[in-house]
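Enquirer: Spelled out from the first residue to the last, the chains are:
Number of protein chains: 2
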Amino acid sequence: MNYFSSNFKLGILGGGQLGKMMLSDTRKFDIQTYVLDPSDEAPCKIACDKFIKGDLMDFETVYNFGKLVDVLTFEIELVNLEALLRLEDEGLKVYPSPKTLKLIQNKGIQKDFYASNEIPTANYQRFTDLKSLVVAIIESKIKLPFVWKCTEFGYDGNGVKVIREVSDLDNLANVECIAEDMIPFKNELAVIVCRSPSGEIKTYPVVEMEFHPEANQVEYVICPARIDAKVAEKARIIALNVSKKFNHVGLLAVEMFQTDDDEIIVNEVAPRPHNSGHYSIEASYTSQFENHLRAILDLPLGNTESKVAGIMVNLVGAEGFSGNVVYENIEKILAWNGVTPHIYGKKQTRPFRKMGHVTIVNSNIVEARRIAENVKNTIRVISQQ
Amino acid sequence: MNYFSSNFKLGILGGGQLGKMMLSDTRKFDIQTYVLDPSDEAPCKIACDKFIKGDLMDFETVYNFGKLVDVLTFEIELVNLEALLRLEDEGLKVYPSPKTLKLIQNKGIQKDFYASNEIPTANYQRFTDLKSLVVAIIESKIKLPFVWKCTEFGYDGNGVKVIREVSDLDNLANVECIAEDMIPFKNELAVIVCRSPSGEIKTYPVVEMEFHPEANQVEYVICPARIDAKVAEKARIIALNVSKKFNHVGLLAVEMFQTDDDEIIVNEVAPRPHNSGHYSIEASYTSQFENHLRAILDLPLGNTESKVAGIMVNLVGAEGFSGNVVYENIEKILAWNGVTPHIYGKKQTRPFRKMGHVTIVNSNIVEARRIAENVKNTIRVISQQ
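Just so you know, the sequences run in chain order A and B. All the letters of the first sequence, read from the start, carry residue numbers -5 to 379 under our numbering. All the letters of the second sequence, read from the start, carry residue numbers -5 to 379 under our numbering.
One or more of the hints may lead you astray.
Since the list gives no way to pick out one identical chain from another, each pair is judged satisfied if it fits inside one copy or across any two copies.
As the list claims (entries may be wrong) - Pairs of lysine to any residue residues, derived as SDA-like cross-links and limited to a Cα-Cα distance of at most 20 angstroms, are as follows:
(1) Lys238 - Leu62
(2) Lys228 - Val360
(3) Lys96 - Ile132
(4) Lys348 - Asn371
(5) Lys228 - Ile132
(6) Lys370 - Phe2
(7) Lys44 - Ser18
(8) Lys39 - Ser18
(9) Lys228 - Ser33
(10) Lys238 - Ile157
(11) Lys44 - Tyr28
(12) Lys87 - Lys370
(13) Lys143 - Ser316
(14) Lys39 - Met(-5)
(15) Lys326 - Gly193
(16) Lys348 - Arg158
(17) Lys228 - Asn111
Please keep in mind that the hints were generated in silico from the structure rather than gathered at the bench.
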């Protein structure tokens, strides 16, 4: 198959920042891309060959979009699964497979999959709705504290809450959910696995994540994780195993906890390029986005090792600011060594909205971490006064 | 000035591969770009905010385009100089300045500039046309062999010819030209200098170039050049001096010869991102394209040092093939360590047409050179049968 400067068409469901960063590699390879997204202001709008505005959850819209392309992928899990299953049945190459997506899209099903495949994960119980969860608490079939997660449509902290007392359940949506044991952990880790249809498989180094306490969004991603090599290798093996069990094609980001006694348990996975891999654009021999393309097109996978240490800082909208975005002090951080801002192109900021990220690369990880902290304390995503 | 996700507009004259690679950084920063190019199939067509089709040499077209933007730059020297001078007089920021471009656009004027500024360069004589050059030979005011260069519109070997006997002049265009002494040299070197309006200045490492004997196009660019450190520093100092003398803003690629006795003489310059800096996308902390943007927007310049060794191989159309392009064996080279193809997006190939390049990065330059040779001997730019 000739992908390069040819009539081949890659379809991408979702036109957000992940798609936008993928497009920089489809442009590099001159691979034609069609993008479907509901928003006129999608970050992907201008660097694809064809942008189609439409609802990603609508069967007809997704099905008809799939009919226009030769290979179909997605940059967001919230897409119409039935349409993808139909397209795959009709012979379209859909990567990752909707059969895999089906196991991941619903966190209850995802947890059941781990359990049945002996993948280490926190104990949990599934509930069809909030009421039955409350009943379980009253009947003390479940103990406080625990982590409540809605099984679908959760994203970046929405749909996840620590429940310490019953009143914490107030104002939660009455939806299907799981109650997960709270696991005391030292570190949150992630490993991105890349796998092609012909079975070639590679892992990126284990990264270490720090989350913002309120927004529950990643604040720093540090590559490589500053952990014991044995623990890192354990995490890598588990991630490889998860990818194989899912028979996954493309990128699979495996988020894990390192417990106090150095056990590794799987938290959840994302079947796409992931925030924990953004550092790879500057730090790795082959970025996660290029490797996702290589994988779904069944091309040889690129080198996942790092050239230098990489640290990523998310740029989220500052509290108290909404409206036309301004990146305050961006010219200051540009003066520092190895600092690269990525601006996603969202014109409007609001508190905690993901507006971009900054990568800091350095041959010395301690120096990179120092600069990253300065970056975090200097740049602010605010709005025009 | 707020450039990021704002109403600011950067204008780029020329929509070729240099512009295309620049757009990947304007996209990264979400800086709005307008591009002017005569071709409907320009590589820049889809990743800019607005593409305007028009003649780069036409005064009205360039002038009117300049009126639409806040800062104007170019990715090719063959643009209407009068329009740029007018726009600059009227207060538009045009970088590099047309006053600088005027000194560079005509190779005769460029050589005079070196002479009057004591910048080492090969001896030369200027001629208004081919006839007067022939007369000078007959009157033995000039000795064979020498290098003939037309003063304008030369590009990638067109417009340059070694004259060993008078008959070599047959079929040369009857245009303004220079006759330059042939200098025996060990190496062709280049240094890319980056300078901002406020005078911040940085140089990329000295690179070493190998040319294709017939096409006179660069075959390998090797960074860092495998030369003595003293010679490299001498080349760097001369390049810095050239940039300052031109009072240049943006990127200036300075091509030089290392003579047999290790003197450095300037061959010619290009006031834009340059083929000799493509390796920087993968090998440098900050690519030449990002630093060109930083410079012309008067933002702090990025680190020009390398993370790893980088070697670039040009992808030019194979002899005997014209038509719809096919990149034969590209899947083979993708399997090798640190290999990144860049496909410019030209649908039609023809002999020696620049269709793309491949960057090979490695912590070991010897290994990089070995892989680069394999890449060169494996991938072929041919046409569909």
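Enquirer: Confirm or reject each hint.
Expert: Status of the hints after comparison with the structure:
1. Lys238 - Leu62: Intra 30 angstroms, inter 53 angstroms, cutoff 20 angstroms: neither.
2. Lys228 - Val360: Classified as neither; 24 angstroms inside a copy, 34 angstroms across copies.
3. Lys96 - Ile132: neither (32 angstroms within a copy, 83 angstroms between copies)
4. Lys348 - Asn371: Answer is within; shortest intra-copy Cα gap is 17 angstroms, inter-copy 45 angstroms.
5. Lys228 - Ile132: neither (39 angstroms within a copy, 81 angstroms between copies)
6. Lys370 - Phe2: Classified as neither; 42 angstroms inside a copy, 25 angstroms across copies.
7. Lys44 - Ser18: both (15 angstroms within a copy, 18 angstroms between copies)
8. Lys39 - Ser18: both (12 angstroms within a copy, 14 angstroms between copies)
9. Lys228 - Ser33: neither (41 angstroms within a copy, 54 angstroms between copies)
10. Lys238 - Ile157: neither (33 angstroms within a copy, 65 angstroms between copies)
11. Lys44 - Tyr28: So Lys44 and Tyr28 pass the 20 angstroms test inside a copy (5 angstroms) and across (19 angstroms) alike.
12. Lys87 - Lys370: neither (41 angstroms within a copy, 32 angstroms between copies)
13. Lys143 - Ser316: neither (28 angstroms within a copy, 59 angstroms between copies)
14. Lys39 - Met(-5): Intra 27 angstroms, inter 25 angstroms, cutoff 20 angstroms: neither.
15. Lys326 - Gly193: between (45 angstroms within a copy, 17 angstroms between copies)
16. Lys348 - Arg158: Classified as neither; 28 angstroms inside a copy, 64 angstroms across copies.
17. Lys228 - Asn111: For Lys228 and Asn111, the Cα distance is within 20 angstroms only inside one copy (17 angstroms; across copies 64 angstroms).
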